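Line by line, the protein sequences give chains A and B. For the first sequence, the working numbering gives the first residue as 1, with consecutive numbering after it. For the second sequence, the working numbering gives the first residue as 1, with consecutive numbering after it.
A couple of the hints might just be wrong.
Any copy will do: because identical chains look the same in the list, a pair fits if it lies in one copy or spans two.
[Stated by the list, open to error] No more than 25 angstroms apart at the CA atoms, straight line, and that leaves these computed lysine to aspartate or glutamate pairs for DMTMM-like: (1) Lys280 x Glu263; (2) Lys280 x Glu55; (3) Lys204 x Asp303; (4) Lys220 x Glu263; (5) Lys220 x Asp39; (6) Lys280 x Glu85; (7) Lys220 x Glu28; (8) Lys280 x Asp29; (9) Lys222 x Asp197; (10) Lys222 x Glu13; (11) Lys204 x Asp143; (12) Lys222 x Asp125; (13) Lys280 x Asp169.
Hints were generated in silico from the structure; no laboratory data involved. These numbers come from a predicted model, not from an experiment.
Read off the chains here:
Number of protein chains: 2
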Amino acid sequence: MSPVGAAQIAAVEGYLQRLQAVLCAALEDADGAARFRSDRWTRPAGGGGDTRILEGGATFERAGVGMSAVSGDRLPPSASKLRPELAGRSWRAFGVSLVLHPQNPYVPTAHCNVRFFIAEAPGSDAVWWFGGGFDLTPYYGFDDDARHWHTVAREAAGEHYAGMKRACDEYFFLPHRNEPRGIGGLFFDDFTRGGFDAAFASVKRIGDAFVSAYLPIVRKRKATPYGERERNFQLYRRGRYVEFNLVHDRGTLFGLQSGGRTESILMSLPPLTAWRYDWKPQPGSPEAALYERYLVPRDWLADAP
Amino acid sequence: MSPVGAAQIAAVEGYLQRLQAVLCAALEDADGAARFRSDRWTRPAGGGGDTRILEGGATFERAGVGMSAVSGDRLPPSASKLRPELAGRSWRAFGVSLVLHPQNPYVPTAHCNVRFFIAEAPGSDAVWWFGGGFDLTPYYGFDDDARHWHTVAREAAGEHYAGMKRACDEYFFLPHRNEPRGIGGLFFDDFTRGGFDAAFASVKRIGDAFVSAYLPIVRKRKATPYGERERNFQLYRRGRYVEFNLVHDRGTLFGLQSGGRTESILMSLPPLTAWRYDWKPQPGSPEAALYERYLVPRDWLADAP
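So that you can see chain A by itself, here it is in the shape it has in the complex (with noise of 0.2 angstroms):
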């Protein structure tokens, strides 16, 4: 493993602050109507970071893109799944996660996330790994949309995209339901491949990619007109990602149990959501593509060049 130092952090942290501010501006000028207002805060373990919050908008229902840097004297047992020998070094992590939650139901809501860390020890080299990725969450299905979200994605992961997509269906995925969260798209956790250099470059092309996957199907879907049944089935569909976040992922798990601000964490729940008992689609509807076609891990680019 190539050593990370002072200077490779600094980059690292860098890259999260620019990654953040361009995307709050480029879902600015998506939006068109409201602004992110940020709120600075400090952990009182160590770090702190920089919440930005767009609450409604035109597009954008609420649209939270958050950036922390936050440290600790003991790494717990869950941060690292493959290396479990890792816990109790101190640790130092930065990262960016943006969730999305769009006004318009044929709008997908959507998630992106990059993150580092690093685990150090006295006499010892600090181990450092990378995670993140983007995955969309339709609640209309549209073939084009599915294909250029994916198209994207592979340009971004070259050669690492089947393993960060398959990595994607598996983790996203509500056992409870037996449902995929939505259609996918890369996830990627303890990631070192080729050294600090060449595997900070595949997470910044990641990164960087996330606007030219999410912003185009945003603006050819934002003016689709809908009812108040469209609006219904984006409450009931939220509801499956507020179970997945709080039952099943386990930055917020881990987030929530270790002391995070719960705010920053929770930027991540829709502003609305309901739940009805027992509620299936109508056969043959759109809703019912939704399950049929789009929330069943499928090869997008299969006849793709």
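Fit chain B to the known structure of chain A by using the hints.
Then chain B, alone, in the frame of chain A:
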């Protein structure tokens, strides 16, 4: 521990079936418009249940009263906190569970549960225990209501009130918010006090008391005029209910993780819920009073005879 056999089990099961019927009849009467529908289900691994749901009523936006009788080959360690040595025994569980989400924000959300567990092993007496209780989650607090609720709870629980009230305050607590879920009530688990006959009698007094603890509050508050502000606060506070049930509630998590029937487990979730970033009530408002006076463990009967 007094031995429990087929006659005792049948008595518990009969009581729970009657309790479900009594609760549904009383709640339909209080609602005045909608009726419960019954959804009977079977569990592939053994047993089944009857989930009764009322949605879109005049008083209740969503009311669920579920009965289940399920069994398994190997008791999971989480089922008995106090006696992990029972893990691996064959088990049977019987329960009635109720969650009420009223329309009017001045009517509190209520939860009631009575459950009975038996863990069996060849050549040993069956080990059994009761669990359950009831707790109240107001959106707007009223001292009269809190005193009435706890007065009925104390009458029902008798000598067990102080311990069950403390256990309720401890259990229904959201550490990531540093907030109780509501004003508490009664909670018990691994309850065998006095042997089967005495314990069952205590549990029946508590189950039977729910209607007289809750319905007078419903009748008193359900016609209170309210507007968008109160509705928004109700939707916002319901988010805490979701957070508790999905992040902390042992029964919910055990059910979801062990292949329970998802729709029956998640009938506890509110029909409509809102999250808003870092929202805080205006100082001096009735919403602030909820946090300051009611979401604080308190002896509501301190001055009562």
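Homo-oligomer pair classification [aspartate 303, lysine 204; C-alpha up to 25 angstroms]: So lysine 204 and aspartate 303 fail the 25 angstroms test inside a copy (28 angstroms) and across (64 angstroms) alike.
Evaluate lysine 220 and glutamate 263 at a C-alpha cut-off of 25 angstroms and name the case that applies: within, between, both or neither. neither (31 angstroms within a copy, 35 angstroms between copies)
Regarding lysine 222 and aspartate 197, is the shortest C-alpha distance of 25 angstroms or less found within a copy, between copies, in both, or in neither? neither (38 angstroms within a copy, 64 angstroms between copies)
25 angstroms Cα cut-off: does lysine 220 pair with aspartate 39 within a copy, between copies, both or neither? Neither: 31 angstroms inside a copy, 42 angstroms across copies.
Are the CA atoms of lysine 204 and aspartate 143 at most 25 angstroms apart within a copy, between copies, both, or neither? Neither: 27 angstroms inside a chain and 57 angstroms across chains, both beyond 25 angstroms.
Intra- versus inter-copy proximity for glutamate 28 and lysine 220 (alpha-carbon distance at most 25 angstroms): Classified as within; 17 angstroms inside a copy, 47 angstroms across copies.
Given identical chains, is lysine 222 near aspartate 125, meaning Cα to Cα at most 25 angstroms, within a copy, between copies, both, or neither? neither (49 angstroms within a copy, 65 angstroms between copies)
How would you label the pair lysine 280, glutamate 263 (within, between, both, or neither) given a Cα cut-off of 25 angstroms? between (32 angstroms within a copy, 11 angstroms between copies)
State whether the alpha carbon distance between lysine 280 and glutamate 85 is at most 25 angstroms within one copy, between copies, both, or neither. neither (45 angstroms within a copy, 42 angstroms between copies)
Identical-chain pair category, lysine 280 with glutamate 55, by Cα at 25 angstroms: Result: close only across copies, 15 angstroms inter versus 30 angstroms intra.
Within a copy, between copies, both or neither: where do lysine 222 and glutamate 13 come within 25 angstroms Cα-Cα? neither (33 angstroms within a copy, 54 angstroms between copies)
Between the shortest in-copy and the shortest cross-copy C-alpha distance, which are at most 25 angstroms for lysine 280 and aspartate 169: within, between, both, or neither? Classified as within: same-chain Cα gap 23 angstroms, cross-chain 37 angstroms, threshold 25 angstroms.
The structure shown violates the earlier hints numbered 3, 4, 5, 6, 8, 9, 10, 11 and 12.
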